[in-house]
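From first to last, the protein sequence lines stand for chains F, C and Y.
The numbering of the first sequence is this note's numbering, which starts it at 1 and goes up by one.
The numbering of the second sequence is this note's numbering, which starts it at 1 and goes up by one.
The numbering of the third sequence is this note's numbering, which starts it at 1 and goes up by one.
There could be a bad hint or two in this list.
From the structure, some residues in chain Y lie toward chain F, with a derived Cβ separation under 8 Å [what the hints assert, rightly or not]:
#1 Gln-87
#2 Ala-89
#3 His-98
Stretch by stretch, here's where chain F covers chain Y in the computed footprint (C-beta under 8 Å, at least three residues) [unchecked claim]:
#4 69 to 81
#5 106 to 120
Calculated from the structure, these hints are not laboratory results.
Glycine included, each C-beta is placed from N, C-alpha and C at the ideal position.
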Amino acid sequence: MSLQMIVNALVNAALIAPPAMAFSLLFGILRFPNFAIGGYITVGAFAAYTLNVPLGLPLPLAAAGAMTFTALVVWGAHVVVFRPMQGQSAITLLVVSIAVTLILENLIRLFFSADVRGFDIPLQRPWNVFGARITPEQVEIIVWSLVIGVMLHLLLAHTRIGRAMRAVADNPMLAAIRGVSAAHVTAFTTAICGALFGLTGVFAGLDLVIEPLVGWNLTIPIFAAAILGGIGSPYGAILGAILVGLAEEATILVLPSTYKIAVGFVIIAVLLLVRPQGLLGTAEIKK
Amino acid sequence: MSVYLVSMGTYVGFFMILALALNLQWGITGMVNFGIAGFYALGAYTSGLLTVRLGVPVGLAIPAACLAGLGLGAAVALLSVRLREDFLAIVTLGVGEMIRLIVLNEDQITEGPRGLRIEARPFGTMIAPEHYPLFYLGLVAACVLLAYAVCEAIRRAPMGRTLRAIREDDVVAAVLGKNVLLHRVRIFAVGGFFMGLAGALYAHYVQNISPEVFMPVVAMFIWMSVIVGGAGNNRGILLGAGAVMVFLEGTRFVGDFTDALDAEKMSALRIIGIGLLLIVTLRLRPRGLLPERKFNASSKLSA
Amino acid sequence: MAETVLATRSLTSGYGKAVICQNVTLDLCEGQITCIIGPNGAGKSTLLKTIAGVVRPISGSVCIARREIAGLPAASIARSGMAYVPQEANVFRQLTTHENLTMGAWTDPRRAEATCARVYGMFPDLKPLRRVRAGNLSGGQRQMVAFGMAMMLEPQVLLLDEPSAGLSPLMVRQMFDIVRRVNAQGVAILMVEQNAIEGLRIAHRGIVMAAGRVALEGTAQSLLASNEVSELYLGTRA
């Protein structure tokens, strides 16, 4: 494996680690694999695009706006769609979450034409690091992804709301008995996760292209990273993201690159069969 | 207009077979399958490739497609031994995507995105071309009836009660001496059989199949049919599949009369509509339009 | 007679249409232990869950210090000076011992530091385990964490659902000892116990439940002495 492939794998990992952590947090509280994340990421990418290109805001501001907007969308979807369906089975909710992704994706198709888009940023020459090429944007993605990992860790481990988030995910009944309002914690969690999905949309727009399927195409690698790391273990999600990134790059060595998107599925299938609790996780995903 | 109705009826038939098969797997037995598009593709390409590449007669190619679905179904069912249902959902989705990717990439055999042209049609030489669409509608309708009869028979048979017991609690069912795995494999295989059949019927109807038809969104439409219709109730499933398909195709028809929206936007609106249909139905009728009748009231109480 | 700190009147509850507890009326007096015994399925645990707000009452009333709490959500009842320790899943397994204790003072975090020291004083064994995840503790240690968490806000009333369940005989004795010590500090305790003789021995009053109703009620002494109780529920003949 060449240095270039390791660089590519790291960029991929940095792209999917934050949403994998967010997916893990959401799963902890809502208890079903939420396919709506694909739609959320797409919304983030297009929100940032709208603020950046037609409205001419600088990208950092556009990114902040996109994160806020996506957080609102995720929270709104929770209030309007998922919360009233709490009694439904995980599978029904899963189907509904795919429907949410389809709705968001097609709303965007309705308002934006199918052209491939990008942000309005100056073209920069890639840097050459020991023969491997890496663009300044990719470096930014890696740095920000690390910053977010640390911030999320501080939030979960050292703040009152973070402790409550873990407590509700762990044992919602006991959390209620101790006086934790599940509604507040859930609202906060959806907003944080929404911001992370929005940011992922921005990153995806920087590293890939902005199109309605951008989120859907990232969904399975994100699931794979979260499951690999162990559902409910945000730190495991980071490790999972790196492994998924490496596996995707390694696949290109032996198979046509069109098979790359199957890597996530294969990882999920093999891992679930061999070690259902994930690498670091303890949560039960076995029956 | 009547040509259009006949063609729509035929498509409704494909959907009904797929939905009945999914209802058998999920609605009655509680096994998740999000790889429907893969089963559908497997059936279509098995039958298509057998006739095109090997010159196998249609009368043998279609049953072979059913058997391919049966085999894949049995294999996937073995996964359900270890996986919780929501994760089985992801794995089956992956199985479906893998099949599509193989079809897309191995284009020396499948023609990939160029599409596979299939000349052979069941009784193609015996029936006049102008009557053929109507004949095919009849053929598909007969297959729907067959699938319905088989699914109803399974549901009503003593085995149906066992299957529902497995759905509600597989541990209890196992403790009661039911061979859960054997039942699961059988039912999943029967479901796969009918999905293969639907694929083969589709292939010989459109006579030109390409991988982009078998996107995961097909699985979504079938799931919506089952949930909207009422999981567990075969008649509800027919209604659900009909409703979803009529909605999808009917709005296409509306699109023909308005110039305000181009095809791309119209198709986006259609998918938004179907997503909303699902959400609204679940809000208003959480158990579907025609819910399954409770088979055992006390099982709910002890839950 | 001492003042009543917890009272239920004709409390009826259940799940959906299935009524589990019917017309339960009981009084828990200040500083006393009341032990509820009865066969499996008698509705003992459901009664505690209803009082704690985990199961919604169908009818009847629950008062703590004369304040009506029936029908309030569990999260509000948590602020009423009553703490409930469920039988199972009574700790946050992913959180450390110390984090579990702080969750006990969720509704009043300013008091957490002071009461934490008190709880560690009560359970010195927990001190070296501060940073250990509760899921990795032994059954007895977990029970102490659960108990300690409930003590964090210095409740007046403690609801204990089978504190001795699943513990070794040695731990059972320790657990009952802890219950007695907590009670000695003036905390009134309503306790469900399978271990009927042990439970009644440390209790002041006893309630026998059967088929969702109160079948017998009296001082713990009188229940221990009654032939009816020993034959029906204690499995011993007097």
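Do the hints match the structure? See the list:
1. Gln-87: Since the shortest Cβ distance to chain F is 12 Å, the answer is violated.
2. Ala-89: holds (6 Å)
3. His-98: Hint violated; His-98 of chain Y Cβ to chain F Cβ min 10 Å, cut 8 Å.
4. 69 to 81: Result for this restraint: holds, n = 6.
5. 106 to 120: holds (count 3)
In this structure, the earlier hints numbered 1 and 3 are contradicted, and the remaining ones agree with it.
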